[in-house]
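The listed protein sequences correspond, in order, to chains A and B.
Under the numbering used here, the first residue of the first sequence is numbered 1, with each subsequent residue one higher.
Under the numbering used here, the first residue of the second sequence is numbered 1, with each subsequent residue one higher.
Everything hinted at is true.
If you want a taste of the chain B side facing chain A, the calculated C-beta under 8 Å gives, among others:
| hint | residue |
| --- | --- |
| 1 | V77 |
| 2 | G78 |
| 3 | Y79 |
| 4 | R85 |
| 5 | F87 |
| 6 | H89 |
| 7 | G99 |
| 8 | R102 |
| 9 | S103 |
| 10 | R142 |
If you want the footprint, here are the derived chain A segments under chain B, 3+ residues with CB under 8 Å:
| hint | region |
| --- | --- |
| 11 | 123 to 130 |
| 12 | 135 to 142 |
Quick caveat, the hints were computed from the structure, so don't treat them as lab data.
Quick caveat, the model's predicted, so the values are computed rather than measured.
For each residue, glycine too, the CB sits at the ideal point set by N, CA and C.
What follows is each chain in one-letter form.
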Amino acid sequence: MSAAEWQALALSLKVSMSATLFSLPFGILLAAWLALGKSRLRWLVDALVQVPLVLPPLVTGYLLLMLFGRRGPLGGMLSALGIEIAFDWKGAALAAAIVSFPLLVRAARAGFEATDPRLAEAARTLGAGPRDAFFTVTFPQARRSVLAGVLLAFTRGFGEFGATIVLASNIPGKTQTVPLAIFNQIQGADGEDAALRLVIICVLVSFVAMIAARLLDGRPARKDADA
Amino acid sequence: MLELKLRFRRGPFNLELDTTLDQRVTAFFGPSGCGKTTLLNLIAGLARPESGRILLAGETLFDSEAGIDLPPERRRVGYLFQEGRLFPHLNVSGNLRYGLRRSKDGGALFEEVVEVLELHNLLHRQAQQLSGGEKQRAALGRALLRAPCLLLLDEPLASLDEDLKGRILPFLARTVGHFDLPMIYVSHSSAELRSLADHVKLLENGKIAGEGDPEVLFPGSTPFPKNS
Numbered sequence: 001m002s003a004a005e006w007q008a009l010a011l012s013l014k015v016s017m018s019a020t021l022f023s024l025p026f027g028i029l030l031a032a033w034l035a036l037g038k039s040r041l042r043w044l045v046d047a048l049v050q051v052p053l054v055l056p057p058l059v060t061g062y063l064l065l066m067l068f069g070r071r072g073p074l075g076g077m078l079s080a081l082g083i084e085i086a087f088d089w090k091g092a093a094l095a096a097a098i099v100s101f102p103l104l105v106r107a108a109r110a111g112f113e114a115t116d117p118r119l120a121e122a123a124r125t126l127g128a129g130p131r132d133a134f135f136t137v138t139f140p141q142a143r144r145s146v147l148a149g150v151l152l153a154f155t156r157g158f159g160e161f162g163a164t165i166v167l168a169s170n171i172p173g174k175t176q177t178v179p180l181a182i183f184n185q186i187q188g189a190d191g192e193d194a195a196l197r198l199v200i201i202c203v204l205v206s207f208v209a210m211i212a213a214r215l216l217d218g219r220p221a222r223k224d225a226d227a
Numbered sequence: 001m002l003e004l005k006l007r008f009r010r011g012p013f014n015l016e017l018d019t020t021l022d023q024r025v026t027a028f029f030g031p032s033g034c035g036k037t038t039l040l041n042l043i044a045g046l047a048r049p050e051s052g053r054i055l056l057a058g059e060t061l062f063d064s065e066a067g068i069d070l071p072p073e074r075r076r077v078g079y080l081f082q083e084g085r086l087f088p089h090l091n092v093s094g095n096l097r098y099g100l101r102r103s104k105d106g107g108a109l110f111e112e113v114v115e116v117l118e119l120h121n122l123l124h125r126q127a128q129q130l131s132g133g134e135k136q137r138a139a140l141g142r143a144l145l146r147a148p149c150l151l152l153l154d155e156p157l158a159s160l161d162e163d164l165k166g167r168i169l170p171f172l173a174r175t176v177g178h179f180d181l182p183m184i185y186v187s188h189s190s191a192e193l194r195s196l197a198d199h200v201k202l203l204e205n206g207k208i209a210g211e212g213d214p215e216v217l218f219p220g221s222t223p224f225p226k227n228s
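Just chain A, with the same shape it has in the complex (with noise of 0.2 Å):
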């Protein structure tokens, strides 16, 4: 592989991963509270959260643009701080948080759905409040299911295009990730083999990550149907 393609490969590491570690707190919260709370606006916000997951990613891009750009709302006051995020690596990580953040939130959620409400009650009994019996009784149960979100939301973040290209453009060793890297050489007239090259990079990431998510949340329902 050629020095572009490395830093390409690099750069998408780094803004899946900063993408999923911001994303995961948020993610986490939102997952069990959508699960567990009692609100009745849960509905609502689950379906807004959802809204990624079918928006064209263009139009999610050009969203943010307009919202992260330097002359909009939040684009500006960050600015005056100085932190760019559009055409910059850190506008790539965010498109791919906002893409991905669907994924994340929905595994979590059913992660959490499936824990046993009474285990809490006891951590209760014993001592715990409600913050510490979420912290040390709720989400261990859960964190399987988290686990299998944060890979989906990595690999979905890893793959992201159509957001990145809007908001972060295609600037080759600053925000040029994988996926724009491989337009780029399929675009070009002899770029074939680096173009392969990088799709068996992309295909090897999804395959690893889609299996390791599956054992990680993978109950073992045959055997239940069984018994």
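Once you have looked at the hints, place chain B on chain A.
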């Protein structure tokens, strides 16, 4: 001493009590659905009465008029659940220490509880690897290590077969003798109550229908050895 004056309603079910518990082991006896578990949940703070008062050793746990409703973690009421409810992600030692870490004065108790309940060989086992009887012993130890002022036991032997019941009962009796802790024991087995209870209150459709000495209420022989 526990003073209860409660009203609780859920659908057609109505629980209404005005009673005082002043014996070491008080039992509530009655058929399924008479409100035994609900009563324990109300005392532990896991359910909320519509109105009334709960006083434990002079401390107000609940008082609808004064607007007092202590959360479960501040009630110092230990609870042994019917199904044990051990934490599956912790080993026995981790389960035992869960309440210990969160109580101010349980530190010296650990060795004692492990000794009395014979938990030495189980400490490093995961909850799923325990038999039904071992689970209940570990769960009893966990509740004791919370250093409670009152221990609630919700049919702790109901999920065990007859043979195991006979083997766990001595541990309960030993706990009663050793830790000198007021207990409320809920069951629909008169044999268990004859072995353990000092006083029995009969619960029927959410009301106390009678009370008295277990030997008088349940005459006849007991299949379990009484060794308290």
